[in-house]
Each structure stands twice: as C-alpha cells, then as structure tokens.
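Undergrad: Chain by chain, the residues:
There are 2 protein chains.
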Amino acid sequence: MMKKITIAIDAMGGDNAPDKTIEGVKLFCDKYKNKDDFILNIFGKEEIIQEKIIKYRVKSNLINIINTEGIVSNEESPLTAIKNSKNTSMWKCINDQINGTSDISLSAGNTGVLLVISRMILKMIDQVSKPALAGLWPNEKGMNVVLDLGANIECNDQNLVDFAELGSALFKSLFPKEKPKVSLLNIGSEEIKGTEILKTASSRLKKLSDNDNFIYEGFIEGNEIMSGTSNVIVTDGFTGNVALKTAEGTAKFITKYLKKSLTENFISKISIIFSYFSLKKFKERLDPRKYNGAIFLGLNGPVVKSHGGTDSTGFYHSIDLCYKIVKGNLMTQIKSNLDHSKSG
Amino acid sequence: MMKKITIAIDAMGGDNAPDKTIEGVKLFCDKYKNKDDFILNIFGKEEIIQEKIIKYRVKSNLINIINTEGIVSNEESPLTAIKNSKNTSMWKCINDQINGTSDISLSAGNTGVLLVISRMILKMIDQVSKPALAGLWPNEKGMNVVLDLGANIECNDQNLVDFAELGSALFKSLFPKEKPKVSLLNIGSEEIKGTEILKTASSRLKKLSDNDNFIYEGFIEGNEIMSGTSNVIVTDGFTGNVALKTAEGTAKFITKYLKKSLTENFISKISIIFSYFSLKKFKERLDPRKYNGAIFLGLNGPVVKSHGGTDSTGFYHSIDLCYKIVKGNLMTQIKSNLDHSKSG
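Here the protein sequences come in this chain order: U and Z.
Heads up, the first sequence is in this note's numbering, so the first residue is 1 and it goes up one at a time.
Heads up, the second sequence is in this note's numbering, so the first residue is 1 and it goes up one at a time.
Just so you know, the hints here were simulated from the structure itself, not pulled from any lab data.
Each hint should be verified, as a subset may be incorrect.
Note: identical chains are not told apart, hence a pair may lie in one copy or across any two.
[Claimed, not checked] In silico BS3-like cross-links for lysine-lysine, where the CA-CA straight-line distance does not exceed 27 Å: (1) K259 <-> K335; (2) K177 <-> K324; (3) K256 <-> K179; (4) K193 <-> K123; (5) K283 <-> K252; (6) K181 <-> K83; (7) K130 <-> K199; (8) K207 <-> K130; (9) K3 <-> K324; (10) K193 <-> K252; (11) K252 <-> K141; (12) K256 <-> K280; (13) K259 <-> K141; (14) K181 <-> K256; (15) K281 <-> K252; (16) K83 <-> K193; (17) K252 <-> K179; (18) K181 <-> K206.
On a predicted model such as this, the values are computed, not experimentally measured, just so you know.
Only chain U is shown next, with the shape it has when bound in the complex:
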C-alpha cells in the first residue's frame, strides 16, 4: 500500500475560521471523493470542529480531528509566539510533521507567527542560507512561481541563488511536464543593470544553468513577470512583496473600473447579457482565490500560508496546493536541486 498524502490543517487560523476552513475541507473532499490517497489531520477545538463538520456535511472518512485548546491571535507578536503558542492549533499543526504523521502543514493564521514557529519547529535545511515565501502568479502561458514574497527584506547573492533552487524545485513538483526557467527581477535586462548583489547572483546562476534542474534566463523587468518568458522569478522579499501587492492593486483598480463602465448606462448594461459567460470566464481566470497559498520553502518540511481573509473556495485551493506539492515530491526535488547547486 502506498503511503497516503497527509496534510495537517490549522482549522482555527484566519478571519473566518473555523467556518471557512471546514467549508474548504468540504469542497476538497467533494472534489477528491473518488480518491483515497490522502488524509487530512485537522487541528482545533474538537467540539466546534465537529459541529462545523455536521453543518457543512463533510462526508469524508479521510479526516482526523486533533483537539487543541489555544488559538494564535492576530495580535500575537512573532517575538513572544515561541513561548505563548505551544498549545495552539497552529503549533500542533506544524509539529505534526516532526512526529512523522504529516507531509505538509497549512494555516490561514498570523503570518509572522507562522513563519517564526515553522522555522523553529521544522528547522532550516542545512544547505539553505535563508527560507523564502513563494507564491503562484498567472502568466500568459500558464503559471509562475515568484519568490521571495516577504520573508526576507534584505538578501545577498547566496540567498538569491538558494531561492532559484527552491523555486525551481517547487515549480517542478507542481508542473512536472514543464521546464523551470529562472529569471532575476531587475530594472533592466542588460547585464550592467542593478545592484552588485544582483550582478553576482546572475553570474552564479549562469554557471548553474543546465537542462536538468533549471535554465537561467537572465534579468527580467516587472512588465515581464506575466509575459510567460520565465516561470520562476527570483527577487528579495521587499521587492517581491511590493510587486505582488502592486499587481493585486492594479488588477483590482482595472476590474472595478471595468465593472463601473459596463453598468453605467442602460445600453452598456445590455452588453452584459451578451458577454455574461465570457466575462465570467475572464473573472474566473483572474480570481485571486485560485492562487491562494504562499509556500514557505527552505525548511525540513513544507508549510503553506493561506490568505487570512480568504473564503472557503480560497481555502479549498490552498488544500489542493498542499496535495499537489506532496504528490509532486517537493522535498525530493529540493534535495536534488540543492545537491546540484553545491556541486556546481
């Protein structure tokens, strides 16, 4: 019998927990009802979770509920979390990987605390200089992995090289048929552009570029993130966070204005009847819930952070992401990439 994919879920994290998290579990179990290759270990107040499981009619027999008393609040500081959080659903959810029970942990709770306690419990992979937060981002040809999205506000060239190895391993685990094409985010594509750190990282990545692990494509500018020329985009956490949020803000601005334009008068309202299905597909493609889930890479076990304000569909997508990451053997891919990097 093959070992089942075991996902540890913090049911109590996020703005709408545990309603939205358990409803997300329900959507996941429905979607995968013909599969029995997974187990969900759900951490939280057992009584409340049982109640929600009945409310949302979660039918799966592939669920374990593990009772935990504490909840990490949004106000908890990363500095005091190590002392204060040991009895929480978040802590136990991460710790489930150490017991060997789970392959991956998922939480929609306090980001700062999640990063700190994940790092403390799972510890960094020996060969990695810094862990990074990676995200999925749509592009014209499919999907990008972008990292770091905010775990490290300042990075040196070694960090960026590590991010390239971690990011391409993630890409390979999620999209096994495609080749990871790595680029460094810069303010020009010429070799002379950017900081000394970027120039050094670029020349090191050029030497590591090969057909097995990743192809290094050089520098790209912000307008090429979504063009599909690369699919693993590496940057420091400050720039990555600003780029991600700027893209979100721009998308929101445009769709809001489009909606306003299409409903401002009677004639334009008629157009919606005719374009309903096309606009629906358009909206679906850009739906941020589909890209919900940032992956914390570089530790001895993967941790996925769901957006705190997401709904059940968003949370479903982050459970799905966990499933795919484990199925794609992320940790083996990372090990293979790091071996390649150190021998390069």
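Assemble the complex: chain U is given as a structure, and chain Z must be docked to it using the hints.
TA: Relative to chain U, chain Z alone:
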C-alpha cells in the same frame, strides 16, 4: 507682458522621431490654438523638421527651430555621452535652460544619457542629496506622483526625505487645488515594518508633516498605490521601477485577456456593440499615453523624459505636462518645500 512659457523640445529623440515628435507638436498647437502664452523651441536637423512641419501642417507661429547636427543614439553609453553629445539635439535642448531661453526641456531619447547630461548641464539644487525620476500614476480619486522610478537604485533616508519634498512640490504645481499626501512604500503599514532606512525616513517625515507643504500619511503597501489614500508615493528607484513596470504588465495582461474573452464567440462579440462607448471610455482612462512623461526632479531646471516608443498622442501629453509644470511654478514650489525641509 507676461513672460511666455518656453519649452525646449528634442525633436530627434525616440523610436519614431522626428515624425511622432512633430506630429505631437501639431496636436499640442491645435489644442492650445487659442492661447499665446507659450513658445516651443524645437531642436534637430532643421531641414527634416521643416519638412515634417509642412507634412503635419503645424500652423503655429509660436515655434522656433534651432538647427543641431548630432543625434544621441540608443546605443550611446551614459559614460561617454558627455564627450560625444555636445553637438546633439538632446544636449542643446537641455542647455537651452542655461541660456535662460527655456523653462523646461523635453526628450524621448536615450534615458541614461538624458539623466547624465541633464545633471551635468543643469547641476543639482544645493539642498538636494540626489535627483529623482517622478511619474504620474492614476488612482481611484485622480492622480498620484510616484518617485523615484529608477534614477537611484539605492537610497538612504535623506534621499527619501528629499524625494518627498520634490514629489509634493511637483504635485502642487500640477494639482494646485489638492493637498499633497505623502506616503512611503513599504511591505506593511505598521511602524516596525521595513528596513532601517525606511523607519528613519518615516520618523523624519512625521516631523516635517504640516498643512502647508505636505501631510505625511505613513507607510503604504503596493496594493494601496492606486487606492487614492495618498497622492505622493515615495520609494527608492529600484522598488519604484519594479512597481511601475509590474503595474504596466498587469494592466496589459488583463486588458489582453479581456479583449480575447469579448471576441471569442459570436454572442460575446454582439456585446461589444452595446458596450462600445463604455469600453472606449474604459480604455481611454487607462491609456498609458495619458501618463507619458517622467519628470527628472532635483536639478536647477526640470527635464521631462517621454517614453521612447510613444506615438504622437503620447508625445503631445508630455508637451502638455511640460506646459502645466511651468505654469504651476514647479521650481518655486520646490524652493519653498526645500526651505521648509531644512528649517524643519
């Protein structure tokens, strides 16, 4: 008689010069045909410019053509430009401010060379630590000024404070009825977020905040650039450039996908008939040509850089921007802001 607003234009810079630059001049003269408060000093090969002026039927008698032999090529390096460019249309266009003839200079040519020779000819204002490239960016309530967009890849807190003074002076000259609300771009709005440089700049700006020059609003994240909560957004040139280009790329991705959705089948094509005028207005609002022109601030005279690949409409908008900047007394606003900063 009031002194006329005199704009020095490099007619030979940009991908489509001098056709698009002269056609842009034509659009400007047509738009302002009832005004006689401006003069355009046009620099370039006189013979060719005369030919284009006839071709595009530029009627204005408010134009001077100044013959120049050389053209700065796109391949010219900023390092050798000072030696090589003295007989070019770009050099003479900037230098026209030193002769006291022009109030502002405009070019669509090689950005790196433009920044270097502008700085060399016009020199930095004594009280400014570094000059910056500022741009206009639409937001939900109107327009933002964002700087630096790429002149300085690394900045200290003094540079950021100077950018706040320069940016709010620019905002006041363009939108005299609104109050400049300054924010620093960061990866969180809490005071503990970001680099030490950002934290120091923030506490200095807090002390300078007042009702006359600008109100300091604290940190904002990338998704708030277009929300309209602030209208002067300050960041280092690396982050600003990545944010600007990411926003451009996102807008392009969305509108391309929208267009595809609305034309993919017969039914959705019908919708375009009903939404034609609404979509046209939508497209117009987002038209990047309307925001064409980055303003180089911090020198003893303003220089506007038009996008190299723009068309005549884009170039018209950058001439219009020059006109408004001078009419709004940018240099006086900058002087007043810097006096306030140094006494603060």
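Undergrad: Give a verdict on every hint.
TA: Hints, verified against the model:
In this homomeric assembly, K259 and K335 never come within 27 Å of each other (Cα to Cα): the closest approach is 47 Å inside a single copy and 43 Å across copies. Taking CA atoms no more than 27 Å apart as the test, K177 paired with K324 passes inside one copy only; the shortest distance there is 14 Å, against 54 Å between copies. Proximity of K256 and K179 under a CA criterion of 27 Å is satisfied inter-copy only: 25 Å between copies versus 36 Å inside one chain copy. For a Cα distance limit of 27 Å, the shortest separation of K193 from K123 across copies, 24 Å, qualifies, whereas the shortest one inside one copy, 35 Å, does not.
For the homomeric pair K283 and K252, the shortest alpha-carbon distances inside one copy (11 Å) and between copies (15 Å) are both at most 27 Å. Proximity of K181 and K83 under a CA criterion of 27 Å is satisfied in neither setting, with 42 Å inside one chain copy and 41 Å between copies. For the homomeric pair K130 and K199, the shortest alpha-carbon distances inside one copy (19 Å) and between copies (23 Å) are both at most 27 Å. Only within a single protomer do K207 and K130 lie at most 27 Å apart by alpha-carbon distance; the minimum there is 21 Å, versus 36 Å between protomers.
For a Cα distance limit of 27 Å, the shortest separation of K3 from K324 inside one copy, 15 Å, qualifies, whereas the shortest one across copies, 69 Å, does not. In this assembly of identical chains, K193 and K252 lie within 27 Å of each other by CA distance solely across copies; the values are 24 Å between and 31 Å within a copy. Proximity of K252 to K141 under the C-alpha cut-off of 27 Å is found in both arrangements, the shortest distances being 22 Å within a copy and 14 Å between copies. Proximity of K256 to K280 under the C-alpha cut-off of 27 Å is found in both arrangements, the shortest distances being 14 Å within a copy and 16 Å between copies.
For the identical chains of this complex, K259 and K141 are neighbours both inside a copy (26 Å) and across copies (16 Å), given an alpha-carbon limit of 27 Å. For the identical chains of this complex, K181 and K256 are inter-copy neighbours only, at 23 Å across copies versus 33 Å inside a copy, given an alpha-carbon limit of 27 Å. In this assembly of identical chains, the alpha carbons of K281 and K252 lie at most 27 Å apart whether taken from the same copy (17 Å) or from different copies (18 Å). With identical chains, the CA atoms of K83 and K193 are at most 27 Å apart between copies only, with a shortest distance of 22 Å across copies and 45 Å within one.
Taking CA atoms no more than 27 Å apart as the test, K252 paired with K179 passes between copies only; the shortest distance there is 25 Å, against 31 Å inside one copy. For a Cα distance limit of 27 Å, the shortest separation of K181 from K206 inside one copy, 12 Å, qualifies, whereas the shortest one across copies, 44 Å, does not.
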